[in-house]
Amino acid sequence: QVQLVQSGAEVKKPGASVKVSCKASGYAFTNYYIHWVRQAPGQGLEWTTMINPGGGITSFTQGFQGRITMTRDTSTSTLYMELSSLRSEDTAVYYCARGDRYGNFDYWGQGTLVTVSS
Amino acid sequence: QSVLTQPPSVSGAPGQRVTISCTGSSSDIGAGFDVHWYQQIPGAAPKLLISGNNYRPSGVPDRFSGSKSGTSASLAITGLQAEDEADYYCQSYDSSLSGVVFGGGTKLTVL
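Top line first, the protein sequences correspond to chains A and B. The opening position of the first sequence corresponds to residue 529 in my numbering, with each subsequent residue numbered one higher. The opening position of the second sequence corresponds to residue 932 in my numbering, with each subsequent residue numbered one higher.
Hints are supplied without guarantee of correctness; some may be wrong.
[Said to hold, decoys possible] Simulated crosslink set (DSS-like; lysine-lysine; CA at most 30 Å straight-line):
no., chain 1, residue 1, chain 2, residue 2
1, B, 978, A, 540
2, B, 978, A, 547
3, B, 978, B, 1038
4, A, 541, A, 551
5, A, 551, B, 978
6, A, 551, A, 540
[Claimed, not checked] One-sided excerpt, in silico: chain A residues whose CB lies under 10 Å from chain B:
no., residue
7, 563
8, 565
9, 572
10, 575
11, 578
12, 587
13, 589
14, 621
15, 629
16, 630
17, 632
18, 634
19, 635
20, 639
Hint data in this document are derived by calculation from the structure and do not stem from the laboratory. Even for Gly, the Cβ is constructed at its ideal location relative to N, Cα and C.
Chain A extracted, bound-state conformation (with noise of 0.2 Å):
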């Protein structure tokens, strides 16, 4: 069955980065675009960006231009989204989720917690 499994919670200072991590299985890793969403608490969910199956960044909000890397390791089909100069606004559940180019997101990792705080 299709799975995407995230790594652990994280607290960060202020400034810092962060590098959460999914990892797919149960389905074919290079077909599907893999999205970042993500949870303020008590917030809605927030689209924050998309690689998409051939390996390059499609798209992302324009809050983390240019503080946002995405990689994959396709021999063990495992996303990594890095974050950098960490606020406490980036405080949040950031979730990794399958879908196409525009969403359609049909399985949904665990979340991760990021905390940002001093």
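On the provided structure of chain A, position chain B as indicated by the hints.
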């Protein structure tokens, strides 16, 4: 502020029917991009409820249905059950932003 507009909350008694609206613009829903709906139980990851405007993925009860017209979409839930109490989000794509967009979410309370 979300690109897609949803009511913050809706409520209904068990067995009743409720609808949740999702209003967009000419660069997202009105441009022909599909609308998808997600259900999120507090503390859990979102779950795909309606795909491609009106398609129910396997396992989703037929009490849930979606529709789309012009720059808006709606999610209807009939025969409300206590287990339907959750947050619901609509999602589409915006050509001017070149990215995925969500509604702000609607909290459904089953009275």
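> Which numbered hints are broken by the structure, listed smallest first?
Replying inline: Nothing - there is no hint that the structure violates, so all of them hold.
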